[in-house]
Every structure is written in structure tokens, then in C-alpha cells.
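Residue numbers (the numbering used here), protein chains in the order written: chain A, 1 to 256; chain B, 1 to 256; chain C, 1 to 321; chain D, 1 to 321.
In case anyone wonders, no lab produced these hints; they're calculated from the structure.
In this text, all values refer to a predicted model and were calculated from it rather than measured experimentally.
Be a bit skeptical, because a hint or two may be false.
Said to hold, decoys possible - No farther apart than 25 Å at their CA atoms in a straight line, the calculated lysine-lysine pairs in the DSS-like style are these:
id: 1; chain 1: D; residue 1: Lys154; chain 2: C; residue 2: Lys160
id: 2; chain 1: B; residue 1: Lys220; chain 2: B; residue 2: Lys149
id: 3; chain 1: C; residue 1: Lys170; chain 2: D; residue 2: Lys170
id: 4; chain 1: B; residue 1: Lys126; chain 2: B; residue 2: Lys152
id: 5; chain 1: B; residue 1: Lys126; chain 2: C; residue 2: Lys154
To be verified - Interface residues of chain C toward chain B, partial, derived using beta-carbon atoms under 8 Å:
id: 6; residue: Ser48
id: 7; residue: Ser51
id: 8; residue: Ser74
id: 9; residue: Ile75
id: 10; residue: Tyr120
id: 11; residue: Met130
id: 12; residue: Gly149
id: 13; residue: Glu255
id: 14; residue: Gly304
id: 15; residue: Val308
id: 16; residue: Ile318
Backbone N, C-alpha and C fix where the C-beta goes; we use that ideal spot for every residue, glycine too.
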Amino acid sequence: MIEPHRYTANEILTVLSARQLRDGQVVFAGVGVPLLAATLAQRTRCPGLTILFEGGVIGAFVEPGKLPPSTNDQRCTKRANMVLGSAEVLLLLQRGYVDVGFMGGAQIDQYGNLNSSFIGDSLHPKTRLPGTGGGNDISSLANMIVAMKHEKRRFVEHVDFITSPGFISGGDSRAQSGLPTGGMFRVVTELAVFSFEDAERRMKVAALNPGVSRDEVQDKTGFELIFDDDLAVTEPPSENELATLRMLDPEHLFTA
Amino acid sequence: MIEPHRYTANEILTVLSARQLRDGQVVFAGVGVPLLAATLAQRTRCPGLTILFEGGVIGAFVEPGKLPPSTNDQRCTKRANMVLGSAEVLLLLQRGYVDVGFMGGAQIDQYGNLNSSFIGDSLHPKTRLPGTGGGNDISSLANMIVAMKHEKRRFVEHVDFITSPGFISGGDSRAQSGLPTGGMFRVVTELAVFSFEDAERRMKVAALNPGVSRDEVQDKTGFELIFDDDLAVTEPPSENELATLRMLDPEHLFTA
Amino acid sequence: MNEAVVKPYLQLREELSRRDRSLREKVVTLEDATSFVQDGMSVGLGGSTMSRTPMAMIWALIRARKKHLTCSRSIVSTDGDLLLGSGICDHMITSWFAQGILWGLSKVMRHHVEKGGARYDEWSHMAVGMRFRAGAMGVPFMPIRSMLGSDVLKQRPEAKEIDCPFTGEKLLLVPALNPDVALIHVQRCDAYGNAQIDGLQFMDIDLAMAANRVILTTERIVSNDQIRRAPDLTKIPFFCVDAVVEVPYGCAPHECYGAYEPMMQHMEAYVSQVNGDPVGGLEAYLGRYVYGPKSWTEFLELIGMDEVLDATRRGRSIYDD
Amino acid sequence: MNEAVVKPYLQLREELSRRDRSLREKVVTLEDATSFVQDGMSVGLGGSTMSRTPMAMIWALIRARKKHLTCSRSIVSTDGDLLLGSGICDHMITSWFAQGILWGLSKVMRHHVEKGGARYDEWSHMAVGMRFRAGAMGVPFMPIRSMLGSDVLKQRPEAKEIDCPFTGEKLLLVPALNPDVALIHVQRCDAYGNAQIDGLQFMDIDLAMAANRVILTTERIVSNDQIRRAPDLTKIPFFCVDAVVEVPYGCAPHECYGAYEPMMQHMEAYVSQVNGDPVGGLEAYLGRYVYGPKSWTEFLELIGMDEVLDATRRGRSIYDD
Chain A
1 MIEPHRYTAN EILTVLSARQ LRDGQVVFAG VGVPLLAATL AQRTRCPGLT ILFEGGVIGA
61 FVEPGKLPPS TNDQRCTKRA NMVLGSAEVL LLLQRGYVDV GFMGGAQIDQ YGNLNSSFIG
121 DSLHPKTRLP GTGGGNDISS LANMIVAMKH EKRRFVEHVD FITSPGFISG GDSRAQSGLP
181 TGGMFRVVTE LAVFSFEDAE RRMKVAALNP GVSRDEVQDK TGFELIFDDD LAVTEPPSEN
241 ELATLRMLDP EHLFTA
Chain B
1 MIEPHRYTAN EILTVLSARQ LRDGQVVFAG VGVPLLAATL AQRTRCPGLT ILFEGGVIGA
61 FVEPGKLPPS TNDQRCTKRA NMVLGSAEVL LLLQRGYVDV GFMGGAQIDQ YGNLNSSFIG
121 DSLHPKTRLP GTGGGNDISS LANMIVAMKH EKRRFVEHVD FITSPGFISG GDSRAQSGLP
181 TGGMFRVVTE LAVFSFEDAE RRMKVAALNP GVSRDEVQDK TGFELIFDDD LAVTEPPSEN
241 ELATLRMLDP EHLFTA
Chain C
1 MNEAVVKPYL QLREELSRRD RSLREKVVTL EDATSFVQDG MSVGLGGSTM SRTPMAMIWA
61 LIRARKKHLT CSRSIVSTDG DLLLGSGICD HMITSWFAQG ILWGLSKVMR HHVEKGGARY
121 DEWSHMAVGM RFRAGAMGVP FMPIRSMLGS DVLKQRPEAK EIDCPFTGEK LLLVPALNPD
181 VALIHVQRCD AYGNAQIDGL QFMDIDLAMA ANRVILTTER IVSNDQIRRA PDLTKIPFFC
241 VDAVVEVPYG CAPHECYGAY EPMMQHMEAY VSQVNGDPVG GLEAYLGRYV YGPKSWTEFL
301 ELIGMDEVLD ATRRGRSIYD D
Chain D
1 MNEAVVKPYL QLREELSRRD RSLREKVVTL EDATSFVQDG MSVGLGGSTM SRTPMAMIWA
61 LIRARKKHLT CSRSIVSTDG DLLLGSGICD HMITSWFAQG ILWGLSKVMR HHVEKGGARY
121 DEWSHMAVGM RFRAGAMGVP FMPIRSMLGS DVLKQRPEAK EIDCPFTGEK LLLVPALNPD
181 VALIHVQRCD AYGNAQIDGL QFMDIDLAMA ANRVILTTER IVSNDQIRRA PDLTKIPFFC
241 VDAVVEVPYG CAPHECYGAY EPMMQHMEAY VSQVNGDPVG GLEAYLGRYV YGPKSWTEFL
301 ELIGMDEVLD ATRRGRSIYD D
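The following block holds chain A by itself, in its conformation from the complex (with noise of 0.2 Å):
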């Protein structure tokens, strides 16, 4: 049995963020976390998974031990199928080549919508983010997986300022804003795993994580949350997930 304690918060997000993918797919993975994730399914359940990077790469196949501080930089070439242009690469996300994308997120609210902009008024802001990058292309364009830090100011009722769209304010308004494809799939916290239910749209707990309750995944979210009538609770990360991310991250650039 392995214990929560022999695992940090961003080992459990990372490994359960793995597994939200599937072999043969063709993710397209932002850095940190999901960079991390996707290389880690890649070299466990799913050899032929296909990992795109922003900077211009299809099917790279990350080094251990040699994590790219960006998705711009030459090591996210490494054994990569094809190196390309930035807006080639985008491009394919409008085209539809992409199944996943896989981001992180600073804030987020229960339709989903992620900001990386604002804090706080866009014209006065408290603090001026580091904005989109490709964030909001990937979550306009391809179905989404998140990869977060699970705290109260960053799960809101409504985030400051949309950035990369999830279901904007539910229901149809997303198709209806010219987004008729794609959209949230799933959120993964250190806590617990989120779905989106069909009509709202709003966010829901699909699995609570080893040993987290209902409360205190609910006392740490800004707005109420909708639990599945199913709910599940999560795998804990296996010693082969463990290991093989700790060979891949051996200096927890991404996971500390």
C-alpha cells in the first residue's frame, strides 16, 4: 500500500493527470505539469501516445532528466516526428488533429474558463498575468484537460477575466460565441478529479482523491460544487507511476 505521504501534491496531480490520457491520441501539452503528465503516460500505458509542443513539435519524446524549461526550447525537439513553425502547429488544433489539450491553470470558475491574464479589473489590474500563449487557441479548438493547484482563489464563481475559454457561461454559449467544438473535459487537482455536466455545463467531482472528503475539497473551491451521483474515488498513484515520474523529474523542476 502506498501511503499519501510518500507522494507530493504535484506527484498525485501529475500522475492523475496521466492517466486522463489515452494510447494512439494526439495531446498538445503546454509546459510544467502537463509537459510532465503526457511524457509520463507516454513512457507508461502509452507508448504511441503523440505529444505536440506551442513551440513547433509533433511527437517529441522528452529525455528524462532533461525537461525543457519551456515548450519553446530545442529539447522538446528531441527524438521529435517533425519540428515545424509555431502557427503551423497551432493550426493544427483548428484543423483538428488535436484529441487533448492539456494545459495548466492559474484561475478557474465552474464553467471552466481559465484565466492567466488579470487579477483583479483589466484596466486597473492588482496584477498583470503573463497572459494567453497559446492557452487560449488549445482551449478554443480541442477538448481540455486541466492540471491545477486546488486552492479557493484560484477555483472562483466567475474568473476576473477570461482567457482561454471553457463553457463561458454555460449551457450553449459557448457553440454560441463561435466555439462549436471542443471545450472542458476534465480538471485535475492535487484533491479530486472534475467533470462537466451536459446541461450547465457547470463543474462536478467525478473522483475524490485518496483520502480527501467531500469537505474539504468543497472548502477549498470559491463556489459550489456539484458531486457525481457516482462518485469515485481515485487509484493512488502506483510505485511504476511514482518511479518512472521520479526518474523522468529527478530534480522536481515541475513536481515539488
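Given chain A, put chains B, C and D in place with the hints provided.
Just chains B, C and D now, with coordinates in the frame of chain A:
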């Protein structure tokens, strides 16, 4: 002294067309006489002439005796500065990187419109010609030199079909149609060199070739010609021009 | 046109989502690859004029007696003669259609188009490219500044003239072209379909991305290791590709950059045979060179070792400097 | 915006027609190249994040005390800190602006943007690319299917939402971006400016075609003969280029594909220095590393031989397989 009988009609056509080019220009050349004339200019007066071909070639340097059978063949790329996609090389015209477009013509009218699509009614044509190729793009977006055989059936009042636009119906009709740049600059035949007058944009004789009379040009033209007030007589091909031309095309592939 | 000019986005995405995009080997025979092309399909052809023409695949489709194909290509040469003359294609979308500048008009094209048996939709060369590009990018159109004012445009109500919402300038929007299947010949690719293209690329990369399926024929199949050592040389990614067929000299009698130039004796003989009699001459050519041989290799034997080797010597010479 | 969002076509053509496009040598010094950038100009930057950043040219522009530049780049890293912090740039157009994911937010960017001293226009990454592409193609816009429905779009009235005339679908038209000058660093080019780029190209090819002038910095200048032997490796043609500067390690402390990886000790030290004090820390950095050295080589000496060699070993290792 070089006598007219010392060169063929296609040879004087090629030599006189070549003389329209200036060193340092970027010229988009069609196959046949244009390709040959541009290469002749590059090998004589214009070592810094940059020749583009529709297949996707920048700065070609065609080898003597190895003329390409089309502008899409590998011979066009010999010692080129760059090889790129066909759409990309055509987009250079649209962006404005091309000083001169240089084409042959099957049928031309008094406004410099070219037809390479249909003889007769386009719904029930007498002859379905090959079509525009890049001709429409080149003539829509660049200043044009056209090299062609001078025959009455080729020099008509109105072309059966405007494949590659000259000045359309004259005046400012070209700009009004959405083509504010480019237009016919020179037409070169074995009989004369033509420019276009400023107001109506009709073809006028700028220079007669050696031994050619006004009447002969008019007789072989299907519309009434304007003659320039300062009508010149072209210099006959020089020994060097003819020798270089014959070295480039020893089999008379394009100069028969 | 009865069908919509441009596929709605949801249809485009739905069609793509049904394809298997996993990293898997997909090497098949020339004959098996013909099953990806069904009667009535829209087929995009790679290469241009006499260069990197997917001739072996066209040859196999004629032998498989396909019907009512609509074919699109930047510039069409004798490949178009064979497609129309064999009866497998009755609709061509291109900018220029003749055997080659050396031979004047194609009597075969003229026969079929002037008699009304086949349709030839003419677009400017750039317009063809931008139609593939729009298709590749997953957008319904590209804006261009040519074709305006010409009679070529008058024949193409599928294109739309607009006043630019930014500048007020006249622009032409050309509709996306997303062929059902693309046939592309390359110098080399791996068993998954990661393809390298040497020299002139023509419109092949946009075409591969625009099409709903891609059949690659290739001079040779190399290891995936080789591809991964120089990923910036990959021009077409494996997940666009549905079938890989190794066919040396797969463009014959046309050329393949750096490998062989056109086989001009065969071309000359072909042209004089078919232009003399665009129906009977073409039938005779098909009988002898397409239906007759047991295999593509036997077709090459009919062209003859002498001519194949000479074309190879000329083709490789591009790298002699 | 006061100026028109998109340059009228006649202006675009007129500006290009004034450039000398002949085949001529154009090698100049880093200092001389700064004369191509005038105060108030719009400057496009090649590379992305910490990769192939035209750092030497930025360094030279800061030393030349340029003013009021508007800079655009796919993704901005510490290059943006230096541009804003030195006061030569007060307007950034990009999709992401931080020092790098490893270090969190850029306190330098925050200081200048939150205080209102500088403007940061945010577009999606693809939108930035499509703006350069429209500029490269000589059209006023590109249609895209992202940014719709987001607040990013609400801040960008320069973009226009339309109903597609073909499908009725909602689309976004993003306006062409044609910078006055582009700064691009490449692995090698010839004296005319024919450039080869290894590995990741980012948006550099579109940027080069879109800009009205291009300053190339390069790890090395090779012969035109070498370029002509493999013309399909040329990524930027000479006639786009106005100045060529040979600057080995011209991206330091960022990376240049296949040549060197980022110099992370220098980067770490930089980040802790400036984020601790985004004004004074940056000033001190500029004094020591930008204004202080006599030459780019002296700047590299300050980074140190150890770190430069280690970055080189790591950079070259991409080709070790």
C-alpha cells in the same frame, strides 16, 4: 553589321525582351522565351538579376543547354538561392517583392489583356486553351513585360476572354476592378516594342525593330495602333547577345 | 454547384475525428491503396506539371476502374490526359492543363472538355494554392488580390468579392478546398508516414493538411529513427497519412527531384500518339502501358532500362555541384 | 488607436518598392545595424521565449538609446524586461510575457504595465502568428476560429468578428501586422542575407516577409556557394534582408538551436536581481551587462567561459543521436 537574316524571329524577340530588364531587379519569368530572355539578361548585362519561377524558385541560374521544359522542373532550381512552395513564390507578387512579371502570350488586345483560356465563346469554345497558370496572378500584381509572336489573330481589338488582366477596358478600369498596382509595361514582338499611353492605356508602338515599317506592324495587328511621337528603331541584336543566346539554347528549344 | 462550396466546420472536424491518428505502421501495396479512393470522390494530386506527379497511384486507380473522380492540382500535365481519357475523372480543378509547354495544347483535354464530357474549372495558380491553404488551416476561405477584373473570376461564382472591413479595398475570398483524399509522392518517408520532400514542394504540404485522407507513395521507406534524427526535415506528419506505398520511380515518366528527370523519349512518343488521335491513341496507350503490365515494375520495363538510367543520371546531377 | 490598424495596400507596396532588392553584400557591424531602427518604429522580434532571441541586436539598440519602440513577438521572455526596463520600448504586442515558466511572473513587466508606463497588447499565440502571416502574404487580415467568446477579444477592437460569407459561421479576422523592421537571429546566412534556420522556426519566416526591413544577426556567415548547393534549406530570401551582422552567441543568455542552450546561471542571477527590485535591479543589470562592456564579446566574457562552454555542450548535444 548584323543583317536581319542572321537571326530568327524568336531570337530577336528574346534579345529585345531581355533588354527590357535592369540589373538588380527581381523578375518573375514564365517558361519559354521569358525564361530564356531573363537568363540571357543575367548572363550579359544584369549579373545581379534575380529570376523567380512559378515552381517555387528564387534566384535561379539556369545552365546553358539544360533549359527546363517547364518552370516546375528541377532544372529551374540549379544554383538557386532558395526553393520554396508554389503558393509562397506567388505570394511574393502579392506582397510586392517582384519588380517585373515576364510572360509569353497567345492573344493580346489593345489594353494589354491576355487570353490563354478560350478561343471563341467560353461556353462553347472553338478551342479550350491551357488556362492561366500563374499568368493571372503575375499580371494582376506586377508590372508586366510580354513577349509574343506578332500575328493579326494574336493582336486583337478585344480578347475573347480576359485570362490575365492588362488595363481591362482602359483608363482607370484596372484599379477600379481591385488591381491598384502593376499593369502592362512593355510588349515585345519580332516586329516592334510597345508601351501603353497614360490616359486611355492603349497600346502604342514605342520602337520598330530593324527593317520593319509602320505599315507592316499595322497590317499584322487587329486594331488601330498608336505610334509614339518619338518612334525609335531598336538596335539589332549584337554578336554577343546572339552568341550568348545560342550558347544557352543550342538546340533552339525556345528560339526555333 | 449542388453541394456546398465549403464544408461546414462541424463536418470538417467530424470527418477528421473519425480517422485513426495513432502512431502505427500503414504500409500497403499499390493495389490495396486504391481502396482509399471511392467513386465520386474529390482527389487532390501532389506535385506540379511533370514534377513529383503521383503517377503510379494514378496508374493503379485507372487499373482499378474508378469513376467520376473530381481531381485538383496546381498544374496538370499528361496525368490529366490519363485521368480524363481513361474515364475515371470527369472534373478537373486547376490553373493550367496541357501536356507541357514543349508540345502545345493537349488534344486529349480539348477533346473531353470541348465535347462537354468533362469539366475543367479554371482558377489562378495562386487561387488553387490558397484554396488548399484555407483547407489546411481549417478556415472557410483565404483572401487574395488576384483574379479580380478577369473573366477567370466571372466563371467562378464560388469565389466571393468583398470590400475589406479594415481597408475598404476590394478583395477576393477563395473557398477552402478539402479533398476527400490526396495522392502525394515523396522521396522518402517512414512506415508511419512521416515524409521528407527534397527540392520543390509545390502545394503538397497544404494539400496534405487539407485532405481528409492522404495516400503517400515514396521512392523508399526509411526507419523512424532516421526521421527523428532530423525532425526539421519532416514536411508531412504521420497523422495526416493513411497509407504508405513504396514505389521506386513512382513518378515515371515524369520527374522526382534529385532522383530522376522526365523520361522524354517516352513523353514524346506518348504525345505524338495521343495528339494524333485523342481517343484511339489514348486507348492504345492505356492498353499497352496501363492495363497491359502485370506490375509497376513491368511498366518501367516497357519504358526501358536505357531511358530509366538516363533519367536517373540527369536527376541525380542536381547534387553534382 | 490613432494610426490605421492595417496599412493600405498602396502604402505597403510603395514602402517595399523603395527598398533596394538587388543581390548585394550587406554585412555591417552591430552598431551600424542599429541605424535601421528609428525612434517610434514598430519592431518585430524573431524566436520565441528563450529561443533564438535576437539578444545581441536588442543589446545594441539599448546601448544606442532608442525610444518609443513598439515591439511584437510570439512569446516574450527576459528580452521584454530589457526592452521595457531600459526605456527603449513602451508597447508590447505578444501572447505571453514573463521571464520563463520556472520563475513565475516578471516583476519588471508588472512594474511597467501595472503603473501604466508601458502597454501590453495581448493576442492569442495563433493570432500573433496569423497577424504576421497576413502581413507576409500582402493581405489585410487572416480569418481564425480562436479568441472568440473570450475577454482577450474584448480588449482587441482591432480584430473584427464576421459571419462567414460561405458558411455563415462566426469567424474572427485578425489584422495584418507589418513591422517597420524585424530582428531575426539565424544559425547561418550568406553575405546577401540568404538564411538557413535549423530546428524550431517559430514565426520567423512570416515575420521576415511581413516586415518592411529585416536585420539578420547570425552565428556565422557562409558563402553564397554553400547556400546555392542546398536551396531548399534557405528559409529567408536575401531580398527581404537589409543588414547582416555576424554575432557568435548572439542569443546569449538565451539559446540558439543546435548551437547552445540557455545560460541558466546567468538567467537565474538575472531573475533574482531584477525581481527583487524591478527598477534598481534592472538598472544595475543594464549598467554591468549592457552599458558596461565595450563589445558583445566582452559581455560574453562577463557571462563567463565556463557557462558559455557548458551551454554549447548542451546545445550541440541535440545532434548526438
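Chain B contact restraint for Tyr120 of chain C - C-beta distance below 8 Å: holds, 7 Å
Can the hint on Met130 of chain C be confirmed by a CB-to-CB distance to chain B that is less than 8 Å? holds, 7 Å
Interface hint check: Gly149 of chain C, Cβ to nearest Cβ on chain B, cutoff 8 Å. Holds or violated? Gly149 of chain C check passes; min Cβ-Cβ to chain B is 3 Å, inside 8 Å.
Next item in the hint list is Val308 of chain C. Is there a CB on chain B closer than 8 Å to its CB? violated, 17 Å
Does Glu255 of chain C pass the interface check with chain B, least Cβ-Cβ distance below 8 Å? This hint holds: Glu255 of chain C lies near chain B, its Cβ roughly 6 Å from the closest one there, short of 8 Å.
Let me know if the C-beta of Ser48 of chain C comes in closer than 8 Å to any C-beta of chain B, holds or violated. This hint holds: Ser48 of chain C lies near chain B, its Cβ roughly 4 Å from the closest one there, short of 8 Å.
Go through the hint on Ile75 of chain C and say holds or violated, using the shortest Cβ distance to chain B against 8 Å. holds, 6 Å
For a C-alpha distance cap of 25 Å, please report whether Lys220 of chain B and Lys149 of chain B respect it. Holds: Lys220 of chain B and Lys149 of chain B sit about 10 Å apart, inside 25 Å.
Verify the interface restraint on Ser51 of chain C: the C-beta must sit less than 8 Å from at least one C-beta of chain B. Interface hint status for Ser51 of chain C: holds (5 Å vs cutoff 8 Å).
Proposed proximity, Lys160 of chain C with Lys154 of chain D (alpha carbon, max 25 Å): violated, 28 Å
Is Lys170 of chain C within 25 Å of Lys170 of chain D, Cα to Cα? holds, 21 Å
What's the verdict on Lys126 of chain B and Lys154 of chain C, does the C-alpha distance respect the 25 Å limit or exceed it? holds, 19 Å
Going through the hint list in order, the structure does not satisfy hints 1, 14, 15.
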